[in-house]
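**Q** So you can see what is in the structure, the chains are spelled out below.
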Amino acid sequence: MDIIGIIIAGLFSQNFVLVQFLGICPFLGVSKKIDNAVGMGLAVTFVMVITCLVTYPLYQYVLVPLGLDYLQIIVFILVIASLVQMLEMILKKFMPGLYSAMGIYLPLVTTNCAIMGVAKIITDATVYTNIGTAVMYGLFSGLGFTLAIVLLAGMREKLDKLNLPKALRGFPITLIVACFMAMAFSVFSLVKF
Amino acid sequence: MKIREIALDGVVRQNPTLKLVLGTCPTLAVTTVAFDSFGMGLAVTFVLICSNIIISLLRNVIPDKVRIPAFIMIIATFVTIVEMVIKKFVPDLYSSLGNFLALIVVNCIILGRAEGFASQNPVGYSALDGLFMGLGFTLALTTMGIFREVLAKGSIFGVTLWDANVFSISFFGTSAGAFLTYGLFIAVFNVAYNAVDRKSRHKLAARLANEEVA
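Protein chains in written order, with our numbering: chain A, 220 to 412; chain B, 195 to 408.
These are calculated hints, taken from the structure and not from any lab test. Just so you know, even glycine gets a beta-carbon here, dropped at the ideal spot from N, CA and C. It is possible that some hints are incorrect.
As the list claims (entries may be wrong) - Covered stretches of chain B (in silico footprint by chain A; criterion: 3 or more residues with CB under 8 Å from a CB of chain A, positions within the stretch not fixed): (1) 296-305; (2) 326-335; (3) 367-375; (4) 379-385.
Next up, chain A with everything else stripped away, as it sits in the complex (with noise of 0.2 Å):
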């Protein structure tokens, strides 16, 4: 799969939200407002991207020799719980300017359909081949997640300020107004490359 290819699928045509269905607990509860929004999808796209490179050779590498293939969903559920648990700290000690911007929201990345999603389909699928595809991937699968919430929280800031009828506001609206983000990025899966 070629660079290009993996740009396009990850922030449109496969977007990890509103395509794949992934991630959505966090796209539906932290998107009432933009800074919110951006801040959850920043701690999500890093830990996206240090997922790959850390369960990509363990399972290559590790379990497959070993023939232990059958033990992924609690490798992986252990890997990424211990991973965003050391980050959190790697960060509060060393960089707190990024922690305050996404700190609060990496515990809730633990428990992110996107993140066990990203490692089951780098590791599933056959064409990531090599640790760095699986990396691109898990890069833009990260940033198409970021552009979704932000979208959606841009929505729903001016949402807010409609006269909607009782029964609509909240979860309702927010997801009819997905219905139409997801009609729009379904357009680019007629894009071929």
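Chain A is fixed; fit chain B onto it per the hints.
**A** Then chain B, alone, in the frame of chain A:
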């Protein structure tokens, strides 16, 4: 009495899909057809019951500081079991659920019940809580699956109702249709829930007023 409360909470008052809006990824992804939704619901119910039982049994053994990693490991074990069993015995379901079977491990409903209920309650109640929460999830998912399958394919659980060439709205089979269906279901559920809730509160108020007069 408490059993009735747990059942009502799980299926209606705290319905994980429609009221708490948790575990949204599988809800949107697998509800294209009713059978997949039902299978997903059952898989989650099984993991929920088993993890609730084990966590409830170990609630006095697991140290407070490492409880979240411990819960996650217990849940991951059961998810691995479910994945292996479905892969072996229902391979069609396995291939159509895809990654979402493994992603049950990060489903917020399961960790939420472990933290919020099983770690504080005895085994029997925890098992029942898992059962009814799972049922609430399965019911919501299956209804959405039926709605989308009927409109997009003209069939129900794979049984053809009418010719899809004559009438079908294929929009409901797409990802945008998933978002719309979920939004509409939450809206309708909230309207119905609030109406019933108001009615029962009126009844209670009327009864109290009657007692006062008497």
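**Q** Could you tell me which of the hints above the structure violates, numbers in ascending order?
**A** Of the numbered hints, just 2 does not hold.
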